[in-house]
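What the sequence shown shows, in my numbering, is residues 83 to 821, in sequence order.
Treat the hints as calculated values from the structure; they're not laboratory data.
Errors might be hidden in some of the hints.
Pairwise CB distance ranges, derived in the manner of DEER restraints [to be verified]: (1) 442 <-> 732: 34 to 44 Å; (2) 723 <-> 463: 31 to 41 Å; (3) 745 <-> 811: 40 to 50 Å; (4) 447 <-> 658: 43 to 53 Å; (5) 464 <-> 632: 31 to 41 Å; (6) 165 <-> 773: 23 to 33 Å; (7) 638 <-> 732: 33 to 43 Å; (8) 437 <-> 732: 28 to 38 Å.
C-beta: ideal position from N, C-alpha, C; glycine also.
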Amino acid sequence: MGQSPTIRPPHDRRVRVRAALAAVLAGALLWAAGPAADATARPPVARSSPARTLTADGPNTLAPPTAAAARSGTEAAAPAPGDDWLRTRGNRIVDARGHEVWLTGTNWFGFNTTERVFHGLWSANITDTTRSMAQRGINIVRVPVSTQLLLEWKAGRAAVSSAVNAHANPELAGMTTLEVFDHWLSLCKRFGIKVMLDVHSAEADNAGHVHPVWWKGAITVEDFHTAWEWVTARYRGDDTVVAMDIKNEPHGGAGENPRAKWDGSADQDDFKHACQTAGRRVLAVNPQLLILCEGVQIHPRNGSDWSSTNAADYHSTWWGGNLRGARTHPVDLGAGNDRLVYSPHDYGPLVAPQPWFTGDWNRTTLERDVWDPNWLYLHKENTAPLLIGEWGGLLDGGPNEKWMKALRDLIVEHRIHQTFWCLNPNSGDTGGLLLGDWKTWDEEKYALLKPALWQHRGKFVSLDHQVPLGGAGSATGLSLTDVYGGGGEPADTVPPTAPSRLTATATGPTSVTLGWAPADDDTGVTGYDVHRDGVKVNAAPVTGTTYTDTGLAPSTRYGYTVRARDAAGNVSAPSPGATAATPPADGPSGAVKVLHRTTDQAPTDNAVRPELRVTNTGTAPLDLSALTLRHYFTRDGGAPGVNAWCDHAAVGCERIRLRVVPLSAPVAGADAYLEVGFTGGTLAAGRDTGDIQLRMSKTDWSPFDERDDHSRAPSATHTDARTVPAYTGTTLVWGTPPT
Numbered sequence: 083m084g085q086s087p088t089i090r091p092p093h094d095r096r097v098r099v100r101a102a103l104a105a106v107l108a109g110a111l112l113w114a115a116g117p118a119a120d121a122t123a124r125p126p127v128a129r130s131s132p133a134r135t136l137t138a139d140g141p142n143t144l145a146p147p148t149a150a151a152a153r154s155g156t157e158a159a160a161p162a163p164g165d166d167w168l169r170t171r172g173n174r175i176v177d178a179r180g181h182e183v184w185l186t187g188t189n190w191f192g193f194n195t196t197e198r199v200f201h202g203l204w205s206a207n208i209t210d211t212t213r214s215m216a217q218r219g220i221n222i223v224r225v226p227v228s229t230q231l232l233l234e235w236k237a238g239r240a241a242v243s244s245a246v247n248a249h250a251n252p253e254l255a256g257m258t259t260l261e262v263f264d265h266w267l268s269l270c271k272r273f274g275i276k277v278m279l280d281v282h283s284a285e286a287d288n289a290g291h292v293h294p295v296w297w298k299g300a301i302t303v304e305d306f307h308t309a310w311e312w313v314t315a316r317y318r319g320d321d322t323v324v325a326m327d328i329k330n331e332p333h334g335g336a337g338e339n340p341r342a343k344w345d346g347s348a349d350q351d352d353f354k355h356a357c358q359t360a361g362r363r364v365l366a367v368n369p370q371l372l373i374l375c376e377g378v379q380i381h382p383r384n385g386s387d388w389s390s391t392n393a394a395d396y397h398s399t400w401w402g403g404n405l406r407g408a409r410t411h412p413v414d415l416g417a418g419n420d421r422l423v424y425s426p427h428d429y430g431p432l433v434a435p436q437p438w439f440t441g442d443w444n445r446t447t448l449e450r451d452v453w454d455p456n457w458l459y460l461h462k463e464n465t466a467p468l469l470i471g472e473w474g475g476l477l478d479g480g481p482n483e484k485w486m487k488a489l490r491d492l493i494v495e496h497r498i499h500q501t502f503w504c505l506n507p508n509s510g511d512t513g514g515l516l517l518g519d520w521k522t523w524d525e526e527k528y529a530l531l532k533p534a535l536w537q538h539r540g541k542f543v544s545l546d547h548q549v550p551l552g553g554a555g556s557a558t559g560l561s562l563t564d565v566y567g568g569g570g571e572p573a574d575t576v577p578p579t580a581p582s583r584l585t586a587t588a589t590g591p592t593s594v595t596l597g598w599a600p601a602d603d604d605t606g607v608t609g610y611d612v613h614r615d616g617v618k619v620n621a622a623p624v625t626g627t628t629y630t631d632t633g634l635a636p637s638t639r640y641g642y643t644v645r646a647r648d649a650a651g652n653v654s655a656p657s658p659g660a661t662a663a664t665p666p667a668d669g670p671s672g673a674v675k676v677l678h679r680t681t682d683q684a685p686t687d688n689a690v691r692p693e694l695r696v697t698n699t700g701t702a703p704l705d706l707s708a709l710t711l712r713h714y715f716t717r718d719g720g721a722p723g724v725n726a727w728c729d730h731a732a733v734g735c736e737r738i739r740l741r742v743v744p745l746s747a748p749v750a751g752a753d754a755y756l757e758v759g760f761t762g763g764t765l766a767a768g769r770d771t772g773d774i775q776l777r778m779s780k781t782d783w784s785p786f787d788e789r790d791d792h793s794r795a796p797s798a799t800h801t802d803a804r805t806v807p808a809y810t811g812t813t814l815v816w817g818t819p820p821t
């Protein structure tokens, strides 16, 4: 779905996204939005998404026609059927040989809009963009279209789009939108990418997805089904197109008309019936395709029914994200039930301030209160696979990134299929993987997504048995045959990789909080075991990548490792160790508290970027001139000299004093500290200094490795920084130095 660009507080990454969007809007044609919201949130505005090109009516084909054939209304000879079709087994998707696969991709929109062609072709080259996606691990692309466009193609009315820059794309000069799509399919074959088609809206309209149902105006329900049958027949022998997402984000709140419901009836507005009917008609043409059924927006609470117009009588969530009805009224594809995939959408607080983003929310509360009851139960109960068709957003260094990382970790740990929203930078409230020139990747956002892309032994995995992801000779990709060989499904005897980047932070006299990077496994990691001083401390496997160890003794050092488990019971080698020392029970009790966070997603580059905040917890003003803080870090080789700068301080950088102090003897997690002082001033009781954003680099600009630094912040939100001790004069008043 989509919404218009929103105003956000200043932040370097957000400014960059807004600048990129402004360049697109000024230099191209129009804006296309991002995701959908709850009915109680601000009304969504258009989010564009791509469609695919199809040819004029004619005999069914097994492959896309040539450009000349498409212009003449004839179709090219079909190749032999491929072997890359997929099916389901419980909550997994497997290939024809029974090997498990993981669909991990993105969305590229534009074909669903008034331009009727991929957005960005006014700037970027279609071959370069497609190759770049494959080289970076995108093994499937969800391509939004409209029913109107499919019917136009069916009728032979494909036009040449003015949104294609023939200078940037000489290979597309003079092509109709249908021919552009078929040319792109040939590129997908070349680079090992598979395609999912998504009917995003009834009409070809940048805001078409705002309409809640699959019929509109002259577009009838039967037109919707006919369009699906036609496009299925056209590509039924081409195993580049492996999945059909029947309708994007059916929605509508209590009392809205029309609106989508899910009740097992045959009513026109029952999306379960619509998806089931469309799925059966598609599979009657090509029984090899995956059929994706999204959810709706609301579902009646116990004791209520669909006749109520009172919003309080319904469970409400994101458009397309409510699959509660599938528990009692599952989609029935008959003999094709092994092709059914449920496909929720999920978004973060920058799209709309949903009620579950208030208070002290975290991944546990999201999983318990939102994901489990709305859709995750289908995976946990082994009912059917899930493919999260849309998720993504802007990097805000705060709540939105917190949500993105939580959902990313859930995807990785449960090996849930996903297509990230989106490639396009002109999605109003989410931005994209590309920046405003449509060529440069947003490396920070890509780094967040990368763990959720299928990788095997350091390379990205295609869904094609012959073509590695990235094409023949790819240095970054593998084919399915490279991963599994050519035989049947082998027994899983390969353990997961060891978790990496383990950190341990004392969060009080009796607790230590751990965090680590996810492990990788050929069939999926199911959980982690935490070992303290060689003894496992968790009763059940940890399903996230964080764990708080409680009930510890004050003033004690503890050592930790973490192991990963997979579904077959294989256990990884232990992670590299990490240690933490709990502070004394009667630790520093001065009237000072230090908080910190990290928005730095590159802990191995050539800069350390502490972000601190000091709070006066006392009842009298605090003399800042007597206060110093110490951020402990390791220099990790290279030149021993380190320079420090203040990039931003709410109190003014001119009031911040910095000096780097080497330790006489290195300790665990530190061989130096950054001392932060103040030139003067007082801090009133109960007030804080606001953000203090600092930066350090070595004199030879060589890289750091902050992952084991004593004072590195564990999260992107401000938390108590007990690893950043504070002193009044020489008296420790907060935190614990390393020992």
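Self-check item: residue 658 and residue 447 - C-beta distance against the hinted 43 to 53 Å
Solution: At roughly 30 Å between Cβ atoms, residue 658 and residue 447 fall outside 43 to 53 Å, so the hint is violated.
Quiz item: Regarding residue 723 and residue 463, is the given constraint of 31 to 41 Å on their beta-carbon distance met?
Solution: Once the Cβ atoms are compared, 58 Å apart, the range 31 to 41 Å for residue 463 and residue 723 is violated.
Quiz item: Lying within 31 to 41 Å: is that true of the beta-carbon distance residue 464 to residue 632?
Solution: holds, 32 Å
Quiz item: Regarding residue 442 and residue 732, is the given constraint of 34 to 44 Å on their beta-carbon distance met?
Solution: Taking Cβ atoms as reference, residue 442 and residue 732 lie about 24 Å apart, which means the hint is violated.
Quiz item: Does 28 to 38 Å hold as the CB distance between residue 437 and residue 732, or does it fail?
Solution: Distance hint for residue 437, residue 732 holds at roughly 30 Å.
Practice problem: Indicate whether the distance between the beta carbons of residue 745 and residue 811 respects the range 40 to 50 Å. | Solution: The hint (40 to 50 Å, Cβ to Cβ) is violated, given that residue 745 and residue 811 are roughly 20 Å apart.
Exercise. Return holds or violated for the Cβ distance of residue 638 and residue 732 against the range 33 to 43 Å.
Key: holds, 37 Å
Exercise. Return holds or violated for the Cβ distance of residue 165 and residue 773 against the range 23 to 33 Å.
Key: violated, 56 Å
When each numbered hint is compared with the structure, violations occur for hints 1, 2, 3, 4 and 6.
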